[in-house]
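With the sequences and hints as input, model every part of the structure.
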Amino acid sequence: MKKGYFQQAEISNGSVKLLDGKISDGINFINDIIDEMIEINLKFGGDTVFLEGDELSDFQSIASTVRF
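When we follow our numbering, the leftmost residue of the sequence shown carries the number 65, and every step to the right adds one.
The reader is advised that the hints may include incorrect statements.
[Claimed, not checked] Computed list of lysine to aspartate or glutamate pairs in EDC-like fashion (alpha-carbon distance at most 16 Å, straight line):
id : residue 1 : residue 2
1  : K81       : D96
2  : K67       : E116
3  : K66       : D111
4  : K66       : D122
5  : K67       : D99
6  : K107      : D84
7  : K67       : D118
8  : K81       : E100
In short, the hints are calculated from the structure, not lab data.
Here it is, written out as structure tokens:
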């Protein structure tokens with residue numbers, strides 16, 4: 065996760081729609097969906113690593129791995 069990265073989003077019909085700087089006043093508006101993802105990850109025992117450089121620029125500032 066790029067340090068300082070956040071993303072506004074709206075949840076509709078079970079889907080997440082990313083918002084490009086548009087502020088929504090809808091009830092399903094989430095100011096920072098990235099924070100929500102981090103909280104769920106931690107809840108299930110996951111780790112979150114923050115990077116300060118441009119290592120994640122090819123991945124739109126976020127990357128994840130899955131382990132079982």
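Practice task
Just pull the numbers of the violated hints for me, sorted ascending.
Solution key: Structure breaks hint 6 only.
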